[in-house]
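Trainee: Given the coordinates of chain A, assemble chain B onto it according to the supplied hints.
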Amino acid sequence: MSRSLMPEEIMETIHMVQLENLDIRTITLGISLRDCAHSDIHVVARKIYDKITQKAEKLVQTGEDISREYGIPIINKRIAVTPISIVGEACESADYVVLAKAMEQAAREVGVNFIGGFSALVHKGFTKGDDRLLSSIAQGLAETERVCSSVNVATTKAGINMDAVYLMGKIIKETAELTKEADGLGCAKLVVFCNAPEDNPFMAGAFHGFGEPETVINVGVSGPGVVLHAVQEKPTADFGTLATIIKQTAFKITRMGELVGRETARRLHIPFGIVDLSLAPTPAVGDSVAAILEAMGLEKVGGHGTTAALALLNDAVKKGGAMASSYVGGLSGAFIPVSEDAGMIRAAEEGALCLDKLEAMTCVCSVGLDMIAVPGDTSAETIAAIIADEAAIGMINKKTTAVRIIPVPGKKVGEKVEFGGLLGTAPVMSLHSYSAEAFIQRGGRIPAPLLSLSN
Amino acid sequence: MMCPKEKQGQERASQRVIVTVVGEDKVGIIAGVSGVLADYRVNILDISQTILQDFFTMIMIVDISQAAVDLQKLQCLLKEKGEEIGVQIKVQHEDIFKFMHRI
Chain A
1 MSRSLMPEEI METIHMVQLE NLDIRTITLG ISLRDCAHSD IHVVARKIYD KITQKAEKLV
61 QTGEDISREY GIPIINKRIA VTPISIVGEA CESADYVVLA KAMEQAAREV GVNFIGGFSA
121 LVHKGFTKGD DRLLSSIAQG LAETERVCSS VNVATTKAGI NMDAVYLMGK IIKETAELTK
181 EADGLGCAKL VVFCNAPEDN PFMAGAFHGF GEPETVINVG VSGPGVVLHA VQEKPTADFG
241 TLATIIKQTA FKITRMGELV GRETARRLHI PFGIVDLSLA PTPAVGDSVA AILEAMGLEK
301 VGGHGTTAAL ALLNDAVKKG GAMASSYVGG LSGAFIPVSE DAGMIRAAEE GALCLDKLEA
361 MTCVCSVGLD MIAVPGDTSA ETIAAIIADE AAIGMINKKT TAVRIIPVPG KKVGEKVEFG
421 GLLGTAPVMS LHSYSAEAFI QRGGRIPAPL LSLSN
Chain B
456 MMCPKEKQGQ ERASQRVIVT VVGEDKVGII AGVSGVLADY RVNILDISQT ILQDFFTMIM
516 IVDISQAAVD LQKLQCLLKE KGEEIGVQIK VQHEDIFKFM HRI
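Protein chains in written order, with the numbering used here: chain A, 1 to 455; chain B, 456 to 558.
Hints are computed from structural coordinates only; laboratory data are not their basis.
Glycine is no exception: its CB is placed at the ideal position from the N, C-alpha and C atoms.
Hints may contain errors.
[Claimed, not checked] Taking CB as the label site, the calculated pair distances span:
| hint | chain 1 | residue 1 | chain 2 | residue 2 | range |
| --- | --- | --- | --- | --- | --- |
| 1 | B | LYS534 | A | GLY351 | 44 to 52 Å |
| 2 | B | GLY490 | A | PHE239 | 52 to 60 Å |
| 3 | B | ARG557 | A | ASP50 | 41 to 49 Å |
| 4 | B | LYS534 | A | LYS412 | 48 to 56 Å |
| 5 | A | ASP40 | B | GLN543 | 51 to 59 Å |
| 6 | B | GLN521 | A | LEU19 | 33 to 41 Å |
[Unchecked claim] Partner residues are not named here, just some residues of chain B that face chain A (Cβ under 10 Å, in silico):
| hint | residue |
| --- | --- |
| 7 | VAL472 |
| 8 | ILE473 |
| 9 | ASP501 |
| 10 | SER503 |
| 11 | LEU507 |
| 12 | THR512 |
| 13 | ILE514 |
| 14 | LEU526 |
| 15 | LYS545 |
| 16 | VAL546 |
| 17 | HIS548 |
| 18 | GLU549 |
| 19 | LYS553 |
| 20 | MET555 |
| 21 | HIS556 |
Chain A with its partners taken away, still in its complex shape (with noise of 0.2 Å):
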């Protein structure tokens, strides 16, 4: 055998897995729905049920046979379709939570735990099917387990739909409200975007964009444990050394995610799309980005520093994932969800992070701000308003921002909810107490910023 491996290198690799929670965090399936459309929604809902049951039908199998094969776990098998505001557009019924049904049906038939795509992309308006999915979220979301649901408020080139802000902050506030019996866990299941990616494969933002293939296999890895252990080696590396272990330490995880989904895809006969270069923490401890930032050198996560360890970070994992993958895309860099990363949650117990700064902490990271969990008074108003200042970021940095966010009913600031499993534990988090009530009010959109002159 030419170029043998070196007994030191199959350790490491046995070491990532087994101690740094090195997994592929989810292999999702894209499938296409815009064929399901009919004038009768129940129709519709046997063809999504019927299509989702046919296209994933080897999905959990095959993905459980490679982690075998491999010795990789791979934590999540997922499902992501078309925006369904666009599949039931046709229908005459205004009631898409039938809909949502078929889709929460046909995942539990396969055993996938989350099916993304109850979703609609009104950046610049509404047409009929977006105006209905966004009056179906709330119950949609009460109704099922497994569904997800997000929508797209924003975009670079087109600026934010303020009236779609409003009015998620008051979908936000009903679908708390459905949901309050389980502290408003629909909440969680739901995503405002600004630059909504259409190959993303984590939840709870995953949906089939309008430029992929009928069906698409797309991997999301996650290994914040690998990349903690090997800045923890260098306690004092300057920075461009540190820069140099996270790329190298991000090849080798993002290899992972090639290699199992080229493979994925091999024996599905399905299109292999894009690794998503993510560093996505979970509650386990020694699985959190929070602990690397610290690992860096700030004495807890939130204070000064903080934003540019993460810009660090973010770049350097991008960096070596980028050569690790023949295609990249979705979300692509460190996730900073609060409740699901022990770090993150203790912080901010702590008070040492604020929302200020994770807010200031999305603007050169992925994503935004990510499962948090507010005061269960929270007004539409003020959730709009935070979705707002979420949207600007993405809009001006050209950059996908979103707001995954749970106004936690009958809860107070400094109390505890426990989601469970990976979604993990939310410490109420406090916000500023003066209303944008009128700013809110006033609706219509705000214009597509200037890209040139960039200051």
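Mentor: Just chain B, lined up with the frame of chain A:
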């Protein structure tokens, strides 16, 4: 040479598997593991032994193309053997290591 598979078209040609054995050094580890491999006509291509972080570590590269078992069955057989002799045995397709460490 970004990926061995690209050269070989759509089919995964390699039938090489890496067997790693980690545990306390004792008599009969190699005999136990290679006995199972011989019983099922698994060809051993390479063996190396080392002490890594205080543990006995044996790495075998084996070929299962002529074997009487597939990869999943071999994983079960060696897992049982590992439990019997008190070591941890992992059986993984070679590509995971090649993909991570070779470009």
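Trainee: Which numbered hints turn out to be false for this structure?
Mentor: Violated hints: none at all, because every hint is consistent with the structure.
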